[in-house]
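Q: Residue-level listing of the chains:
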Amino acid sequence: MSGDRIVSLHNPWFTASVGITAAIAIIAAVAGFAWLPLQQQGERFDGIWDAICSAAGLVRNAPSASQIVGANYLTTNVEVVPQMLQGASAESIGRGATLALRCTMCHGARGLSQADTPNLAGEYPITIYKELVDFKTSARASAVMAPLVADLRDADMRDLAAYYAYLPRPPDLRATSDVPPRIVANGAPMRGIAPCGACHGELDSKPGAAWLEGQPAIYLRTQLAAFASGARRNDIGEQMRNIARRMTPDEIAAASRFYADRP
Amino acid sequence: MWNSRRMVLAHLWFAFAGFGLALSLGAWQMFVRSPLSAWISDPELYYRSVTAHGTTMAYVFPTLVAMGFGYFVTEKSLSRPLIGLSWAWIGFALVVLGTIAAIVPVALGRASVLYTFYPPLVGDPLYYIGVVLVVVGSWVWVALMSINMYRWKRDNPGAPVPFPMFATVAGSYLWGWTAVGAALELLFQIIPVALGLRDTIDAGLARVFFSWTLHAIVYFWLMPTYIAYYTILPRAIGGRLFSDSMGRIAFILFLIVAMPIGIHHAFEDPQVGAGFKYLHSVFTALVALPTLLTVFTICASVEIAARLRGGKGLLGWLSALPWDNPVMLGAALSFVMLGFGGAGGLINMSYQLNATVHNTQWVTGHFHLIFGGAIVIMYFVIAYDIWPHLTGRALDRLGLMRAQLWTWFVGMIVLTFPWHWVGILGMPRRMAFYDYSDPTIAAQAASVTMSVVGAAILVVSAVLFFVVLVRGQTAPRAEPPAYRFSVAVHPPRSLPAALNGFGLWLGLMVGLTIVNYGFPIAHLLATPGTAVPAVNVGQRQ
Numbered sequence: 001m002s003g004d005r006i007v008s009l010h011n012p013w014f015t016a017s018v019g020i021t022a023a024i025a026i027i028a029a030v031a032g033f034a035w036l037p038l039q040q041q042g043e044r045f046d047g048i049w050d051a052i053c054s055a056a057g058l059v060r061n062a063p064s065a066s067q068i069v070g071a072n073y074l075t076t077n078v079e080v081v082p083q084m085l086q087g088a089s090a091e092s093i094g095r096g097a098t099l100a101l102r103c104t105m106c107h108g109a110r111g112l113s114q115a116d117t118p119n120l121a122g123e124y125p126i127t128i129y130k131e132l133v134d135f136k137t138s139a140r141a142s143a144v145m146a147p148l149v150a151d152l153r154d155a156d157m158r159d160l161a162a163y164y165a166y167l168p169r170p171p172d173l174r175a176t177s178d179v180p181p182r183i184v185a186n187g188a189p190m191r192g193i194a195p196c197g198a199c200h201g202e203l204d205s206k207p208g209a210a211w212l213e214g215q216p217a218i219y220l221r222t223q224l225a226a227f228a229s230g231a232r233r234n235d236i237g238e239q240m241r242n243i244a245r246r247m248t249p250d251e252i253a254a255a256s257r258f259y260a261d262r263p
Numbered sequence: 001m002w003n004s005r006r007m008v009l010a011h012l013w014f015a016f017a018g019f020g021l022a023l024s025l026g027a028w029q030m031f032v033r034s035p036l037s038a039w040i041s042d043p044e045l046y047y048r049s050v051t052a053h054g055t056t057m058a059y060v061f062p063t064l065v066a067m068g069f070g071y072f073v074t075e076k077s078l079s080r081p082l083i084g085l086s087w088a089w090i091g092f093a094l095v096v097l098g099t100i101a102a103i104v105p106v107a108l109g110r111a112s113v114l115y116t117f118y119p120p121l122v123g124d125p126l127y128y129i130g131v132v133l134v135v136v137g138s139w140v141w142v143a144l145m146s147i148n149m150y151r152w153k154r155d156n157p158g159a160p161v162p163f164p165m166f167a168t169v170a171g172s173y174l175w176g177w178t179a180v181g182a183a184l185e186l187l188f189q190i191i192p193v194a195l196g197l198r199d200t201i202d203a204g205l206a207r208v209f210f211s212w213t214l215h216a217i218v219y220f221w222l223m224p225t226y227i228a229y230y231t232i233l234p235r236a237i238g239g240r241l242f243s244d245s246m247g248r249i250a251f252i253l254f255l256i257v258a259m260p261i262g263i264h265h266a267f268e269d270p271q272v273g274a275g276f277k278y279l280h281s282v283f284t285a286l287v288a289l290p291t292l293l294t295v296f297t298i299c300a301s302v303e304i305a306a307r308l309r310g311g312k313g314l315l316g317w318l319s320a321l322p323w324d325n326p327v328m329l330g331a332a333l334s335f336v337m338l339g340f341g342g343a344g345g346l347i348n349m350s351y352q353l354n355a356t357v358h359n360t361q362w363v364t365g366h367f368h369l370i371f372g373g374a375i376v377i378m379y380f381v382i383a384y385d386i387w388p389h390l391t392g393r394a395l396d397r398l399g400l401m402r403a404q405l406w407t408w409f410v411g412m413i414v415l416t417f418p419w420h421w422v423g424i425l426g427m428p429r430r431m432a433f434y435d436y437s438d439p440t441i442a443a444q445a446a447s448v449t450m451s452v453v454g455a456a457i458l459v460v461s462a463v464l465f466f467v468v469l470v471r472g473q474t475a476p477r478a479e480p481p482a483y484r485f486s487v488a489v490h491p492p493r494s495l496p497a498a499l500n501g502f503g504l505w506l507g508l509m510v511g512l513t514i515v516n517y518g519f520p521i522a523h524l525l526a527t528p529g530t531a532v533p534a535v536n537v538g539q540r541q
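So the protein sequences, as listed, match chains G and P. Start counting the first sequence at 1; every next residue gets the next number (the numbering used here). Start counting the second sequence at 1; every next residue gets the next number (the numbering used here).
Just so you know, these hints were derived from the structure itself, not from any lab. Among the clues, some could well be false.
[Claimed, not checked] Result set (EDC-like, lysine to aspartate or glutamate): computed pairs, CA atoms no more than 20 Å apart in a straight line: (1) LYS206(G) / ASP42(P); (2) LYS206(G) / GLU44(P); (3) LYS136(G) / ASP151(G); (4) LYS206(G) / ASP178(G).
Throw the hints in and build the complete structure from the sequences for me.
A: Shown next, in the form of structure tokens:
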């Protein structure tokens, strides 16, 4: 018996197994690709072929009734990817250092100042670059920054980002036993608030998010309030606006104080 | 010196050692995200642990058990030495090397991507290369199973391949083909990005590739368990296998319908068309066929044993079964968990019901009940059954074995039933922190606490398991009689070629894979603009 030819129409095992499998596949395909899609309420297909294409997962044009609604304010046009602005050259850093002379009044000679403006020394280059572009395109509004960036070219902003990223961050002088407030370490999951540290460096870093340690408390508090009120809206995907809106004033104060107290 | 006994023992000891460590991590995870523990304040530690737990439990532990048990079955059922012993050692070495390569970056926090990889998350390339090495090592086993069977057939023309060997080869083919999906994902999607050769990754396509592996891998885990049901249980309780052919058909059906059904793991994925989701759902339902065939055949075999032992009546024969025999006890407890787990699986495989439990803790509870419960308890039984034949020393602590099996069963039920329940309440999976002080989820605290108790019972059970094995390793030498598998009521004298080989069935398996996966993969490959930037994990600044 074992010498039988397997692939043969005379072999009942072959005809039955292939026949039954094919029948199941065909019946399931007819049901899944034609009959069930046509039973769907609210789906508008241009005939059965359109229904089959939809069930097969082909990309189809959106129905003409639902136009894409654009934002009625300026949004950032920086596409942030983790790999951008890596490996700056010494020339780029040098050009950035020259360009940065115009920034020293507020941001300090070496990216650190007491002026309640953000400290830029050691900040991620993606963050610096994105904020500069946003100031230039007015996606982020600032009466002080707007005229200063107006004449910067894209390459200038990349050089500035490279320079500030190159400067050393201030050393961490705080004790490691310093317990972060709950909003920083845990967030508030039931309100959809991720821990600050999940993006801003305590636990993990996300491209585009700033390194916050040592920033002035009043600056952090003002920015959170601006996100909450919608005055600042250059966060891609609205993640900071969604978080800040749901934070209580106490949480905003605690988070700002925590990061500010860290040198 | 390097005989096959040592080789099988090496596989099983490494498998169980990994299992023990991964189990401890799992219990820790259950504890730290329960209300009994203060928040550890670093989710990365939690995901690191989950990655190590999943990688060990899903790739290393069951693969090594299937390999070791497969080599054992080959020698004992074909009654001749294994062909390719040195290749078997090479395969083992690859798995060990791969495991170490994968776990080191995970332990360093450089690859906390969970064992299902979750592109566009990308971790240390060494992690993925380690997983590939584990798979390559297991493919050596797949080849050896095939070579041994065909050499035996060549030397015994026309004779039926012994059923244990037939079933083992079916399991190896299932694994050989199902691992291709994850291998494609790793080699063409993830590893080039992890090595820095590319910046973007087609996460949708990668998920479809992984679904190719993701479901049939469960049936690969299940294979040693099913082989033990058919070939160990009836013999161990003094009965006979109800039908040899029924067993072969069940394994053949697993080979065909367990494979091309993985898109039911991607029901909520937008990149796959609803028609293919339906197709996969239909074939997933067909897996009930070989499962029910097995339930019928094994129950019938057990009834034969009970009646041979004087059992009477419609159900009265149940009391005549040797319940003090660990193999009987383990198989019965496995069946109970398989029943509950299978019922839960019916909900996961149906499109609409799945939507209610998708990505909730229900799913985690489900696969722990099926894999950790129904499958792993039979791994214990297999170890108890074959250990004396590997060590030449008796395992005589039957009471301890029964206590171990019972604690594993009770622990798994106490762990997974509340786990299912909180899933129905909507508790999401893959989260490191739950704020039980919030009134919205405060009610789930009691259920999660119950699961922690279940996890603790499982740890106790695992300790008992190692005590039994270590005692068996140090007991006085007592060479056991020759190993036997179950004999069928009517042992086959000759078989149709279709039931004595795999050519037809492999053709159907590959053909059905092309029907069910061909278009979605080709379409995603051909669609431009589907790649997204990779997100590197483990690069804290």
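Q: All hints are to be evaluated individually against the structure, with a verdict given for each.
A: Verification of the supplied hints:
Only pairs whose Cα atoms come within 20 Å are accepted, and LYS206(G) paired with ASP42(P) is accepted, the gap being roughly 16 Å. This hinted pair checks out: LYS206(G) and GLU44(P) have alpha carbons roughly 14 Å apart, not beyond 20 Å. With a C-alpha separation of about 9 Å, the suggested pairing of LYS136(G) with ASP151(G) holds against the 20 Å cut-off. Annotation: proposed proximity of LYS206(G) to ASP178(G) is violated, straight-line Cα distance about 23 Å (limit 20 Å).
Violated hint: 4 only; the structure is consistent with all others.
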